[in-house]
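Fit chain B to the supplied structure of chain A, relying on the hints for placement.
As they're listed, the protein sequences go chains A and B. First residue of the first sequence? That's 1 in our numbering, and the numbers climb one at a time after it. First residue of the second sequence? That's 1 in our numbering, and the numbers climb one at a time after it.
Be aware that one or more of the hints could be misleading.
[What the hints assert, rightly or not] Computed list of lysine to aspartate or glutamate pairs in DMTMM-like fashion (alpha-carbon distance at most 20 angstroms, straight line):
no., chain 1, residue 1, chain 2, residue 2
1, A, Lys189, A, Glu58
2, B, Lys29, A, Asp263
3, A, Lys189, A, Asp263
4, A, Lys246, B, Asp210
[What the hints assert, rightly or not] Partial list, derived from the structure: chain B residues whose beta carbon lies under 8 angstroms from chain A:
no., residue
5, Ile163
6, Ile167
7, Ala168
8, Pro173
[As the list claims (entries may be wrong)] What follows is a set of in silico ranges between Cβ atoms, one per label pair, in the way DEER data are often shown:
no., chain 1, residue 1, chain 2, residue 2, range
9, B, Gln306, A, Glu45, 22 to 32 angstroms
10, A, Gly289, B, Trp255, 57 to 67 angstroms
11, B, Leu228, A, Leu253, 37 to 47 angstroms
12, B, Gln330, A, Ala254, 55 to 65 angstroms
13, B, Met55, A, Val100, 35 to 45 angstroms
14, B, Gln306, A, Leu119, 47 to 57 angstroms
15, A, Leu253, B, Arg137, 32 to 42 angstroms
16, A, His77, B, Gly130, 46 to 56 angstroms
17, A, Glu211, B, Leu14, 39 to 49 angstroms
I should point out that these hints are in silico values taken from the structure, not numbers from a laboratory. For clarity, every value in this text was computed on a predicted model and none was experimentally measured. Every residue gets a Cβ at the ideal spot worked out from N, C-alpha and C, and that includes glycine.
The primary structure of each chain is shown beneath.
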Amino acid sequence: MISLPEWMSPRAAPDLPELPGVHRSPARHTLNGLARLLAAMLGDEAIAARPGLLQRIEPRAKAPGLIGLVVIATLLHSLTALGLAYLLCIALAAASRMPVRRFAGAWLAAPLLSAFIVLPAVLNVVTPGEPLWAFRLGSWRLAVTDAGVHFLAIFVLRVAVCVSLALLLAVTTRPAQLFRGLRALGAPKIFIMLLMMMERYLTVIVRAAEEIHEAKLSRSIAPGSLRQEQAWVAAGMGALFRRTQKLGDAVYLAMISRGYTGDVYLLDEPRWSWREWAFLAAAIAVGAGLLII
Amino acid sequence: MHIPDGYLSPQTYLPAYAVMSALWAWASKRVNSTLRLRQVPLLALGAAFSFVIMMINIPIPGGTTGHAVGAVLIAVLLGPWAAVIAVSLALIVQALIFGDGGITAIGANCLTMAVVMPFAGWGVYRLIAGRAPTSGRQVIASAIGGYAGLNVAALAAAVLLGIQPSIAPGYNPFGLKVAVPVMAGEHLLVFGFVEAIVTGLVLAYMARTDPSLIPAAASPRRSLAARLAIGLGVLVLLTPLGLYFPALAKAGGAWGEWGPDELPAKLAEYGQPARAPVHLERLSAVWKAPLPDYAMPGLEEAPLWQLSLFYIVSGLIGVLVLALVVIGLQKLFARKDTDDLPAGVDVPTGRA
Chain A
1 MISLPEWMSP
11 RAAPDLPELP
21 GVHRSPARHT
31 LNGLARLLAA
41 MLGDEAIAAR
51 PGLLQRIEPR
61 AKAPGLIGLV
71 VIATLLHSLT
81 ALGLAYLLCI
91 ALAAASRMPV
101 RRFAGAWLAA
111 PLLSAFIVLP
121 AVLNVVTPGE
131 PLWAFRLGSW
141 RLAVTDAGVH
151 FLAIFVLRVA
161 VCVSLALLLA
171 VTTRPAQLFR
181 GLRALGAPKI
191 FIMLLMMMER
201 YLTVIVRAAE
211 EIHEAKLSRS
221 IAPGSLRQEQ
231 AWVAAGMGAL
241 FRRTQKLGDA
251 VYLAMISRGY
261 TGDVYLLDEP
271 RWSWREWAFL
281 AAAIAVGAGL
291 LII
Chain B
1 MHIPDGYLSP
11 QTYLPAYAVM
21 SALWAWASKR
31 VNSTLRLRQV
41 PLLALGAAFS
51 FVIMMINIPI
61 PGGTTGHAVG
71 AVLIAVLLGP
81 WAAVIAVSLA
91 LIVQALIFGD
101 GGITAIGANC
111 LTMAVVMPFA
121 GWGVYRLIAG
131 RAPTSGRQVI
141 ASAIGGYAGL
151 NVAALAAAVL
161 LGIQPSIAPG
171 YNPFGLKVAV
181 PVMAGEHLLV
191 FGFVEAIVTG
201 LVLAYMARTD
211 PSLIPAAASP
221 RRSLAARLAI
231 GLGVLVLLTP
241 LGLYFPALAK
251 AGGAWGEWGP
261 DELPAKLAEY
271 GQPARAPVHL
281 ERLSAVWKAP
291 LPDYAMPGLE
301 EAPLWQLSLF
311 YIVSGLIGVL
321 VLALVVIGLQ
331 KLFARKDTDD
341 LPAGVDVPTG
351 RA
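This is chain A alone, in the form it adopts within the complex (with noise of 0.2 angstroms):
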């Protein structure tokens, strides 16, 4: 297998180096995200192509079986339930031999934004019970509540497995085949190959806006006023749109060039093994345990 050069790998793209003058340029925040997108894509195309658990899986059992999991998740009220749930979680990442800092996205960020958000839910004036720990704050006589506490550890869980989940999904599928195991969830041939085409376009015109946006630092010694730079952030934007305009006519052209009739026809999809029909039953199996517990 060939793997990324280091230069290529997500942690590679650097953020621009911060000239003096133009320091916290918006276009230079665009380009570093522009680059980070690319960059993960790259990235999870490496990870993609590991020899690995759920790898080896077809998309079209792996997609129903995961999102099935994440619906269950949704349903979950027991701690004890939701700790397995995590835990099983971190078992695939590692038999799927994910990478620690890729997980860790969704293993910590995700679950401590939540818990940052809902963190006042732990207070009596959201979620009366039991008080733990009062405390005045001002004029105001505040409590952690036992129910409280409950409902946070609860709820942060849930958010971690779901993403976790989610996470598993899409690093370990390429996704054009993610979109052709939508077609086991009921999707559309024509919307899967929507989603195909954007995808593939998606590079294309992701390049067009970095282009655009080089285009102008390279150029510029200073930042210009407030107004300059959103009329040339609008103008950029335009530009981009009229760019998509044309690379959507030149596609089509290409399209009914190569006799497209409207009619949406996906490659042959591999014949299922004993793998899939255990990893679907496995999933239930799980699905059913964690909801009885």
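The following block gives chain B in isolation, referenced to the frame of chain A:
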């Protein structure tokens, strides 16, 4: 505004998916019938454009940056139904491939950002731009459309989040009283203006460089009667607001509209003898309304959602009865007029 997994209960995200499935089917049918094959690659690329627009930062006062959703911009440039598909595709790819927004919340997120936002914004744009707009009017209309579209979408997202504590505890813990002011506040004060600036300035750029890219507003195909019916329908559907707002503010009945059952308590408040005037009691017993307080008789104290349904039903009955009365009167008097005319005079009926 991307709602993650775990914040919405299945009681919310499943209906959102059901609504979106129907809308996606309808949107693709509509797009297919209007622009046919050429639209297919344009929709896919429009989705990629929509995705990238959400990543482009624009400077805002205070030295920080913000980004737009762009749904109204796409609705103005490609039409609202194309925007439904393009923005939905962008949101699906964001959720499935990049983990931005939850998988279970895709339906709800598409409902707010890919349906409510482009339609609300596009509606406002069309309303202000009119039928034969100048470029200046188009730019202003699109900026206001962007502002309105984003704020209505934020309100819709806040309502979806805010109803969680009352329909299924254990998900988003903050009720409408917290979710709506927080979401509405930040969008009314900051993000709405970012959306307005982006939408307006892009349209200004288009108008300056290639006005042919901005589609001209098509003349309305619906008849006056159909538009009137749609307007009335929307108003009827909005009538339960008259129940929700007083309930939210814990307000009583309208001042001065008290019945003989409420009046004694009110009079007592003002230090008057707590007794309804004799004639009021006698006269109010003369006629018993078939739908007292716009509710089913005997169900005046039902839960708010049941009362809302009866409000809508009452609204429909009211509109129908009034329409029948007016049509009847029109028939009656129109005939009378022609009867009075001397024979041989041709009366224009108003119908071509």
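Against the structure, the hints come out as follows:
no.: 1; hint: A:Lys189 - A:Glu58; verdict: holds (18 angstroms)
no.: 2; hint: B:Lys29 - A:Asp263; verdict: holds (14 angstroms)
no.: 3; hint: A:Lys189 - A:Asp263; verdict: holds (9 angstroms)
no.: 4; hint: A:Lys246 - B:Asp210; verdict: holds (14 angstroms)
no.: 5; hint: Ile163; verdict: violated (16 angstroms)
no.: 6; hint: Ile167; verdict: violated (14 angstroms)
no.: 7; hint: Ala168; verdict: violated (10 angstroms)
no.: 8; hint: Pro173; verdict: holds (4 angstroms)
no.: 9; hint: B:Gln306 - A:Glu45: 22 to 32 angstroms; verdict: violated (54 angstroms)
no.: 10; hint: A:Gly289 - B:Trp255: 57 to 67 angstroms; verdict: holds (60 angstroms)
no.: 11; hint: B:Leu228 - A:Leu253: 37 to 47 angstroms; verdict: holds (45 angstroms)
no.: 12; hint: B:Gln330 - A:Ala254: 55 to 65 angstroms; verdict: holds (60 angstroms)
no.: 13; hint: B:Met55 - A:Val100: 35 to 45 angstroms; verdict: violated (26 angstroms)
no.: 14; hint: B:Gln306 - A:Leu119: 47 to 57 angstroms; verdict: violated (36 angstroms)
no.: 15; hint: A:Leu253 - B:Arg137: 32 to 42 angstroms; verdict: holds (35 angstroms)
no.: 16; hint: A:His77 - B:Gly130: 46 to 56 angstroms; verdict: holds (53 angstroms)
no.: 17; hint: A:Glu211 - B:Leu14: 39 to 49 angstroms; verdict: holds (43 angstroms)
Checked against the numbered hints above, the structure breaks hints 5, 6, 7, 9, 13 and 14 and satisfies the rest.
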